[in-house]
Amino acid sequence: MAATDKSILKRLYIVTALLVLFAGAVLFKLVSIQIIDGEKYKALAETRTSHIFTIEPNRGNLYSDDGSLLATSVSKYTIRFDAVTVNDIDFKQNIKPLSDALAKQFGNTSSHYQQILRKAKENKNRYALIVRNLDYSEYMAVKSFPLFNKGAYKGGLIIEQKTKREHPLGKIAERSVGYERVDENGYRTRVGMEGAFGEYLRGVEGKRAKQKIAKGLWKPIGSDNMIEPKDGYDVYSTIDINIQDIAHHALLKQLELYKADHGTVIVMEVKTGEVKAIANLGQTPEGKYYERLNYAIGESHEPGSTFKLMNLVAALEDKVVDTSTVIDTEKGSWKIYRHWVKDTKRGGHGKISVAKAFEVSSNVAFAKMIHNGYKNDPEKYVNRLMGMGIHKELGLPVRGEGKPVLRYPGDKGWSGLSLAQMAYGYEVSMTPLQTLSFYNAIANNGEMVKPRLLKEVKEWDKTIKKFDKKVLNAAICSQETVKKVQKILKDVVESEHGTGHGMYSKNFSMAGKTGTTQTNYISKDKNKYEYISSFAGYFPADNPKYSCIVVIHKPDKSVGYYGADVSGPVFKSVAQKVYATSPLTSEVDVKHMLIASADNSYQNYYKNAQQVYAQVPNVKGMSGMDAVAILENLGIEVEVKGNGTVKHQSISKGTDIKTVKKIVLELI
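For the sequence shown, the residue numbers in this note's numbering are 3 to 670.
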């Protein structure tokens, strides 16, 4: 019996010891949690019940050059109700007047809102939806309603704000306006002007504390933010919405007519490099067109005959030829090694001058000119082109600029055919904007300016930063060469044999060069050949205001594919409508002028432009062609005497246009 009692007592001691050890362990853990790891667990608990959220700032507005909105942030508000924080007395006193105010503001009945509020109170709902998608004025009204005017705690008011980016122009210039997006890893995707100028537009984030009230639901703590967000600056671009609209619709019309794959139009101000329009349209599988990619900036391709201008300037500068030098185009084909260079005209052009070779766009003449002129020193040729900056990117703020390709003797791909091929725009590659920058330099008397999309950054009325003209090359060539090629570019349109003569109009002047580039030319199957049609130039031909390039890819060959037929009409349409809707010279006093658009598709911009009150402008010193265009657009009959520029006008500047039926211009 004693042995048994002793055994039981031993077991009791063991159990007691274990209990003491367990109690000690529990005590140690409690002390550890409270003292050693107290802050850690306190922080963990807080993160599970409250959290600091980022408040996205309002993104700045993006404007056109005249202050019209291209992109803006629109805030939308959702109102919810926390029924738990509101005491019963306040709820009973205010539920009827609050419901009445909501009904009056949003159209539902008062009983509808009373039912929502009572149900939330009964169910102790801390996140009841009252109304969503409010604009700012509606949101401010709701904040003043009975009960809600007591704030977040006493009034149970929960406000959620979301910001949506909107483009007032819709699909027009959508790719050029662009966007900036941030993924879950913080990586930013930057497209167009929105992406390029994001550092100014995006603003500074704020901070806000929120309390967890249910799974996935967080309620703001207090009525104020911990750190207030700072809105982004407003950015004023160089885009002219009138010219942008003109370019967009002219391009769209031609793409649909020729069933082309895609195309682009760029319009740039000659003196400043300000890009006034940049339209990019690509085809969907259903045959519709939209702003798919920024072809103007990102797509580098063989320019074809528009590159003949660069070759002509190089040859004239190096004294390889003069504009009067005669070249035999033979019968329209010329064999170099095993390769045949051919002209589009059957039988060729015979013996013609360099100037006429450019005007008729003879591949044979240019291949002979460049190959024979530089075959003993090809480095001299490429160095001349590089000296004009053709091999360099423009360094645009917009991402994705295509790289120009200009091979040097000895590089991979250079061969005995390279000089002849490069002479008419093959074995080289440029983007439309890079090509236009060269043509713009010729229009600008040799000064190459950097294309510019940004004018200034502002905070309200305060200018934060201004962007001025930047010169890339003060003189791409001599003034002698500039004057010669300016005349030839003008003759491409005005001379009857010029490839651009089909664009000629007596009402306004243009200068430029057609281009037709064959792609897939390695294939022996001619049915697989595709084409790029282009026209690059400027207007007016004398004292030009704007330069412009049109590039259309893969037009339907059964409809047409030559640059003069496909892209030329777009250039002419843009020039014509810009002539008709805006002055092209500072000599014209347009303070009280309103010129009617000739196209009904622009009624949104010219609703009242029905030959209303205007004054006779001063057209002295202008070319006759440009003076006639402006005056006739004002509804005045014009009689012209002589040729050249305007020396005298029969009706003086400032005369009430309603009293004028006819004006006589004397030209010299």
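Source of the hints: derived by calculation from the structure; they are not laboratory data.
Some hints here could point you the wrong way.
[Stated by the list, open to error] Cross-link-like lysine-lysine pairs, in silico, BS3-like; alpha carbons within 25 angstroms at most:
{"#": "1", "residue 1": "Lys530", "residue 2": "Lys290"}
{"#": "2", "residue 1": "Lys649", "residue 2": "Lys547"}
{"#": "3", "residue 1": "Lys485", "residue 2": "Lys472"}
{"#": "4", "residue 1": "Lys273", "residue 2": "Lys556"}
{"#": "5", "residue 1": "Lys556", "residue 2": "Lys261"}
{"#": "6", "residue 1": "Lys556", "residue 2": "Lys173"}
{"#": "7", "residue 1": "Lys152", "residue 2": "Lys166"}
{"#": "8", "residue 1": "Lys333", "residue 2": "Lys344"}
{"#": "9", "residue 1": "Lys214", "residue 2": "Lys78"}
{"#": "10", "residue 1": "Lys78", "residue 2": "Lys145"}
[Said to hold, decoys possible] Across the chosen pairs, the derived CB separations fall in these ranges:
{"#": "11", "residue 1": "His53", "residue 2": "Leu21", "range": "38 to 46 angstroms"}
{"#": "12", "residue 1": "Lys655", "residue 2": "Gly415", "range": "46 to 54 angstroms"}
{"#": "13", "residue 1": "Thr286", "residue 2": "Gly418", "range": "26 to 34 angstroms"}
{"#": "14", "residue 1": "Asn385", "residue 2": "Asn509", "range": "38 to 46 angstroms"}
{"#": "15", "residue 1": "Lys485", "residue 2": "Asn522", "range": "35 to 43 angstroms"}
This structure is a prediction, so every number in the text was calculated from the model and none was measured.
Where a beta carbon is used, it is the ideal one built from N, C-alpha and C, also for glycine.
Verification of the supplied hints:
Of the supplied pair hints, the one linking Lys530 and Lys290 holds, its CA atoms being roughly 23 angstroms apart against a limit of 25 angstroms. Taken as a hint, the Lys649 and Lys547 pair is honoured in the structure, with Cα atoms around 21 angstroms apart against an allowance of 25 angstroms. At roughly 23 angstroms between alpha-carbon atoms, Lys485 and Lys472 fall within 25 angstroms of each other, so this suggested pair holds. A distance of roughly 33 angstroms separates the Cα atoms of Lys273 and Lys556; the hinted pair therefore is violated under the 25 angstroms criterion.
At roughly 8 angstroms between alpha-carbon atoms, Lys556 and Lys261 fall within 25 angstroms of each other, so this suggested pair holds. For a cut-off of 25 angstroms, the pair hint linking Lys556 to Lys173 stands: about 23 angstroms separates their Cα positions. The straight-line distance between the Cα atoms of Lys152 and Lys166 is roughly 29 angstroms, outside the 25 angstroms bound, and the hint therefore fails. Proposed proximity of Lys333 and Lys344 is supported: the alpha carbons are some 9 angstroms apart, at most 25 angstroms.
Between Lys214 and Lys78 the CA atoms are separated by roughly 23 angstroms; this keeps the pair inside 25 angstroms, and the hint holds. This hinted pair checks out: Lys78 and Lys145 have alpha carbons roughly 14 angstroms apart, not beyond 25 angstroms. At about 42 angstroms, the beta-carbon gap between His53 and Leu21 stays in the expected band of 38 to 46 angstroms. Look at Lys655 against Gly415: about 59 angstroms separates their beta carbons, and that is not inside 46 to 54 angstroms.
Under the hint 26 to 34 angstroms, the C-beta atoms of Thr286 and Gly418, about 44 angstroms apart, miss the expected range. Range check, Asn385 to Asn509: about 43 angstroms between beta-carbon atoms, so the 38 to 46 angstroms window is met. The given range of 35 to 43 angstroms is respected by Lys485 and Asn522, whose C-beta atoms sit roughly 39 angstroms from each other.
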